[in-house]
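**Student:** As a plain string of letters, each chain reads:
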Amino acid sequence: MSTHDTDIPREPTPEERAAAEAVQALGGPRAPEEFRARLRTRFVSGAIEADAPAADPVKARRSAPVVALFGLAAAAALSWLVWTGTQPDPWRYAGASGDSGEVWVCGHLMDPGDTDGIQAMLHAGTPIKTTGAMQFDYVMNDHLSVQLAPESEMTVPEWPRRWLGSTASCEVTYGEARFTTGPSYSSRLLVTSPLATIEVTGTTLAVISGQDSSCVCVLDGEVVMTDTDGTAHVVEAGTRRTVFREAPAHVMEILPMERMKLEMHRDLSAEQ
Amino acid sequence: MPHVDPPPEKVASPPAGALSPEDLMAAVARQPEALGRFFDHYVDRVFGLAYRMLGDRTAAEDVSQEVFLKIHRAIDRLDPQRDPGPWVTTITCNACREHWRGAQQKMRQKSVPLDEIADWQDAHPRSGDSPEEDVLRGERNTKVQDALMKLPDTLREVVILHDWQGLRHREIAEMLETSHAAVRKRYSRALEALAGLLGERP
Numbered sequence: 043m044s045t046h047d048t049d050i051p052r053e054p055t056p057e058e059r060a061a062a063e064a065v066q067a068l069g070g071p072r073a074p075e076e077f078r079a080r081l082r083t084r085f086v087s088g089a090i091e092a093d094a095p096a097a098d099p100v101k102a103r104r105s106a107p108v109v110a111l112f113g114l115a116a117a118a119a120l121s122w123l124v125w126t127g128t129q130p131d132p133w134r135y136a137g138a139s140g141d142s143g144e145v146w147v148c149g150h151l152m153d154p155g156d157t158d159g160i161q162a163m164l165h166a167g168t169p170i171k172t173t174g175a176m177q178f179d180y181v182m183n184d185h186l187s188v189q190l191a192p193e194s195e196m197t198v199p200e201w202p203r204r205w206l207g208s209t210a211s212c213e214v215t216y217g218e219a220r221f222t223t224g225p226s227y228s229s230r231l232l233v234t235s236p237l238a239t240i241e242v243t244g245t246t247l248a249v250i251s252g253q254d255s256s257c258v259c260v261l262d263g264e265v266v267m268t269d270t271d272g273t274a275h276v277v278e279a280g281t282r283r284t285v286f287r288e289a290p291a292h293v294m295e296i297l298p299m300e301r302m303k304l305e306m307h308r309d310l311s312a313e314q
Numbered sequence: 048m049p050h051v052d053p054p055p056e057k058v059a060s061p062p063a064g065a066l067s068p069e070d071l072m073a074a075v076a077r078q079p080e081a082l083g084r085f086f087d088h089y090v091d092r093v094f095g096l097a098y099r100m101l102g103d104r105t106a107a108e109d110v111s112q113e114v115f116l117k118i119h120r121a122i123d124r125l126d127p128q129r130d131p132g133p134w135v136t137t138i139t140c141n142a143c144r145e146h147w148r149g150a151q152q153k154m155r156q157k158s159v160p161l162d163e164i165a166d167w168q169d170a171h172p173r174s175g176d177s178p179e180e181d182v183l184r185g186e187r188n189t190k191v192q193d194a195l196m197k198l199p200d201t202l203r204e205v206v207i208l209h210d211w212q213g214l215r216h217r218e219i220a221e222m223l224e225t226s227h228a229a230v231r232k233r234y235s236r237a238l239e240a241l242a243g244l245l246g247e248r249p
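So the protein lines, in turn, are chains A and B.
Per the working numbering, the very first residue in the first sequence carries number 43; after that it's consecutive.
Per the working numbering, the very first residue in the second sequence carries number 48; after that it's consecutive.
Heads up, a few of these hints could be off.
Restricting the straight-line Cα-Cα distance to at most 20 angstroms, the calculated cross-link-like pairs of lysine to aspartate or glutamate (DMTMM-like) are [unchecked claim]:
id, chain 1, residue 1, chain 2, residue 2
1, B, LYS232, A, GLU278
2, B, LYS117, B, ASP70
3, B, LYS232, A, GLU264
4, B, LYS197, A, GLU57
5, B, LYS232, B, GLU221
6, B, LYS232, A, GLU53
7, B, LYS232, A, GLU57
8, B, LYS232, A, ASP262
9, A, LYS303, A, ASP179
10, A, LYS303, A, ASP141
11, B, LYS117, B, GLU80
Hints in this document: simulated from the structure, not taken from any laboratory.
As the structure is a prediction and not an experimental result, all values here were calculated from the model.
The task is simple: from the sequences and hints, build the whole structure.
**Tutor:** Structure representation (structure tokens):
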């Protein structure tokens with residue numbers, strides 16, 4: 043049954059060969075006649091689609107308490123919004139490093155050692171740019187840690203008081219940004235790049251924006267990458283997915299260097 | 048509860064020959080006869096793969112329905128010049144993954160009513176084999192399926208697609224949207240684990 047290729051990382055042991063043969067020898071179970079006949083009729087007639095939108099009884103049962111709780115949740119969220127609206131921006135400048143290069147925040151050339159000056163300008167939506175070998179780190183305690191790599195530009199993500207179950211976003215305009223979510227992270231953040239949108243839901247990853255390609259490298263967890271045509275793809279830990287402006291996307295393993303950088307960023311985030 | 052093996056492929060062989068481009072064009076146009084031929088051609092492949100992935104008849108039926116619903120919705124976008132097999136297999140794999148994520152699977156994995164299994168087995172005896180051979184084959188297949196079900200989902204998926212479905216690692220990588228190397232590694236780990244499980248004494 044199988045076109046058994048032998049391109050596995052090492053030669054299988056006799057026991058492993060026997061296991062493979064045992065799987066190959068398994069029969070192909072036939073769909074039960076009654077089920078087959080019923081499904082065939084619905085497929086051929088189109089009734090399969092007509093029946094599909096029927097209410098899911100489990101969801102229906104769930105909906106009543108959900109509606110009942112919605113009012114309470116909305117009231118709590120509104121109170122929280124009012125409270126957080128008076129709080130200072132939680133982004134904290136964690137430092138910039140590099141033998142050469144510059145840091146630009148909101149269009150201003152900044153001295154990397156001017157912690158207070160940079161901190162004062164670090165708000166949601168603010169553009170940050172690095173040149174030369176300069177790298178820029180900022181964190182939102184226990185939520186999210188972000189590192190802008192050299193020769194890159196991005197906007198500062200919105201922060202929790204604006205998340206409220208909806209979607210916050212930031213943009214990696216060009217170059218590379220690394221994200222590590224913290225223990226208190228529970229929100230949804232969309233990172234946009236010119237050719238794709240990446241949904242961060244709890245992980246360590248890098249988003250790389252090139253002139254004709256966008257790439258996401260996932261170290262931990264998994265993320266959803268949505269291409270400009272609207273198709274969504276799950277990118278798993280240990281892999282990178284690259285979309286191109288004029289070529290098919292591909293998925294490969296993370297490069298060792300990128301893995302190392304992401305591991306360093308994750309470790310650094312744990313210390314911050 | 049061990050997994051009882053359904054009747055084997057000799058009973059379930061699909062209609063001979065591939066679907067012609069004309070058949071596929073008619074299916075794209077949603078002509079009932081062509082849709083019927085399409086269904087007959089793929090139903091056992093879909094059900095069989097779902098059963099091997101999920102180890103449960105009811106779950107395999109649920110997934111098969113879901114797969115044919117998706118096929119019906121998207122069939123007008125099918126390219127009649129290309130073999131729809133990989134597309135159907137991909138939809139089935141994705142539906143199995145969605146099923147794994149659902150809480151229902153955890154409940155259903157625990158049990159299948161004995162009488163239901165007995166009725167199903169009796170309804171599909173395999174011709175040509177003695178009752179003893181049927182029993183032995185059933186026991187052997189049950190043991191292998193049980194071992195498969197003990198593998199993590201991502202490993203089981205790869206070993207079934209490779210050894211049972213007959214796909215090459217590169218094809219699996221494309222289907223699962225992962226790298227060739229990752230599939231090879233998963234397959235190697237799956238075989239190692241499976242060999243260990245099959246080597247255990249009952």
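**Student:** With reference to the structure, classify each hint as holding or not holding.
**Tutor:** Hint-by-hint comparison with the structure:
Annotation: proposed proximity of LYS232(B) to GLU278(A) holds, straight-line Cα distance about 15 angstroms (limit 20 angstroms). Note on LYS117(B) and ASP70(B): the hinted pairing holds, with a Cα-Cα distance of about 19 angstroms set against a maximum of 20 angstroms. Note on LYS232(B) and GLU264(A): the hinted pairing holds, with a Cα-Cα distance of about 19 angstroms set against a maximum of 20 angstroms. For the given pair, LYS197(B) sits about 17 angstroms from GLU57(A) by alpha-carbon distance, which is consistent with the 20 angstroms threshold.
With a CA separation close to 15 angstroms, the supplied pair LYS232(B) and GLU221(B) stays within the 20 angstroms bound. Proximity of LYS232(B) to GLU53(A) is assessed by CA-CA distance (about 12 angstroms); at most 20 angstroms being required, the pair is judged to hold. Between the alpha carbons of LYS232(B) and GLU57(A) the distance comes to roughly 17 angstroms, so the proposed pair stays at or under 20 angstroms and holds. Pair hint LYS232(B) plus ASP262(A) holds up; C-alpha atoms about 18 angstroms apart against a cutoff of 20 angstroms.
Between LYS303(A) and ASP179(A) the CA atoms are separated by roughly 13 angstroms; this keeps the pair inside 20 angstroms, and the hint holds. Proximity of LYS303(A) to ASP141(A) is assessed by CA-CA distance (about 17 angstroms); at most 20 angstroms being required, the pair is judged to hold. Restraint check for LYS117(B) and GLU80(B): the C-alpha separation of about 19 angstroms stays at or below 20 angstroms, so the hint holds.
The structure agrees with every numbered hint stated previously.
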